[in-house]
Amino acid sequence: MAAKSLSNAERGDALFKRAKLKVDMSSQGERIDSAIADLVESVKLRIDNAKAYCFLAECYEKKGMVVEAKSAYEESTKVQPEPMTSAAAIEALKRLSS
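Just so we're aligned, residue 307 is where the sequence shown starts under this note's numbering, counting upward by one.
Hints are computed from structural coordinates only; laboratory data are not their basis.
Just so it is clear, the structure is predicted and the values come from calculations on it, not from any experiment.
One thing to keep in mind: the hints can contain errors.
Straight line, CA to CA, 25 Å or less: simulated DSS-like cross-link-like pairs of lysine-lysine [as the list claims (entries may be wrong)]:
no.: 1; residue 1: K376; residue 2: K350
no.: 2; residue 1: K376; residue 2: K357
no.: 3; residue 1: K357; residue 2: K326
no.: 4; residue 1: K323; residue 2: K384
no.: 5; residue 1: K369; residue 2: K384
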């Protein structure tokens, strides 16, 4: 029996989860670059995943990549109608802009 391939949305979700695990399991942030690579691919495959955009922004912040972080937060507010995620992204944008 052949294994079913993952859809783009499923693959995007899997990459998001893998990135979260990488960051959660690293003690000194040594896996941030790898997590960023997964998240960039994740949001390409699933452009409606605001949580992935927010987590990507957080990873960019940890690397000191403020411009990229702002861009990812802005994208998260465009795709997320959920007030909690959107509010967190807006607060982060205010913090990064000051």
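Determine which of the earlier numbered hints do not hold for this structure and return their numbers in increasing order.
none
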